[in-house]
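Enquirer: Build the full structure now, drawing on both the sequences and the hints.
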Amino acid sequence: MREDERKIAAFFDLDGTLMTLPSLERRFFRMLRYRGEIPTRNYLLWLREALRLLPRGIGEALQANKMYLRAVDILEERGEGDRGVSPWYKGGHQADGQASAPRRRNPRLPVPAFFEQAIERMAWHAKHGHEIVLLSGTLGPLALEAGRAMEDKLATRGITAKIHVCATLLEEMGGKWTGRILGEAMFGEAKARAAKQLAGEMNLDLELCCAYADSSNDRWLLAAVGKPAAVNPSKDLLRIAQACGWPVLHWNGKGNRSPHGKESKAQRQCRMELASPENAE
Numbered sequence: 014m015r016e017d018e019r020k021i022a023a024f025f026d027l028d029g030t031l032m033t034l035p036s037l038e039r040r041f042f043r044m045l046r047y048r049g050e051i052p053t054r055n056y057l058l059w060l061r062e063a064l065r066l067l068p069r070g071i072g073e074a075l076q077a078n079k080m081y082l083r084a085v086d087i088l089e090e091r092g093e094g095d096r097g098v099s100p101w102y103k104g105g106h107q108a109d110g111q112a113s114a115p116r117r118r119n120p121r122l123p124v125p126a127f128f129e130q131a132i133e134r135m136a137w138h139a140k141h142g143h144e145i146v147l148l149s150g151t152l153g154p155l156a157l158e159a160g161r162a163m164e165d166k167l168a169t170r171g172i173t174a175k176i177h178v179c180a181t182l183l184e185e186m187g188g189k190w191t192g193r194i195l196g197e198a199m200f201g202e203a204k205a206r207a208a209k210q211l212a213g214e215m216n217l218d219l220e221l222c223c224a225y226a227d228s229s230n231d232r233w234l235l236a237a238v239g240k241p242a243a244v245n246p247s248k249d250l251l252r253i254a255q256a257c258g259w260p261v262l263h264w265n266g267k268g269n270r271s272p273h274g275k276e277s278k279a280q281r282q283c284r285m286e287l288a289s290p291e292n293a294e
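Quick note: the sequence shown uses my numbering, first residue 14, plus one each step.
Watch out, some of these pointers could steer you wrong.
To be verified - Label pairs and their computed distance ranges (CB to CB):
id, residue 1, residue 2, range
1, R19, Y47, 43 to 53 Å
2, I172, V124, 16 to 26 Å
3, H141, L34, 37 to 47 Å
Just so you know, the hints here were simulated from the structure itself, not pulled from any lab data.
Even glycine gets a Cβ: it sits at the ideal position worked out from N, Cα and C.
Expert: Written out as structure tokens, the structure reads:
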């Protein structure tokens, strides 16, 4: 690949990285339960599926098990004011037949509350012409809505950006979810595989790309790019980041500072590396 043809992307995890916990899916589950939209038998179906998946690991049992959504009405993903966020799902394949349509706010969707530092970092990447990709294990419709919400945040700053979304795709039948996923859950090593496949499809140079994540389950994604950063890291990811020399960032709405109130050496290094000329197009 010639140097002048290389493209750069910034890969962002969603829950805990761009926004505070609990996760969007957990908030969505609580809302569905409050509204009485989850059939009682779904809890038993979920437990049975969890036991079936448990030999593959607790992560798989939780991330690939969506039986609580069985027979629940699907979310309409298009509505008033939609500018057409590219619906990239698992493996980087763009969903077919997703034409732009007027957007309306779906009251069943949780509203993402992004960290201010996350918006600033994404705005920086957008200004430099970098591709922006959300890589999240959350449900596809929730990730798409988060992408649209972030586009709105950037638009208020005068920045027009298209955010690609790669999330867990749900199987639908007759306007309802079946409780099964299509392909694999966007979790763990699957994120790294998706990033590598997107690199081929979008002509990206992963050595120049950035990735931001908060969990040790994202360590494969962070290792797949040349400029990883651990954001609000779990204890396990913090140990991994320190061992690998990855910058550690704290996004909490109070400024990008260390817990002691001063910008850490790693944070300063990350900021300087991102601002270097080789990272701008």
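Enquirer: For each hint given before, does the structure comply? Return the numbers of the non-compliant ones in rising order.
Expert: Hint 3 contradicted; others consistent.
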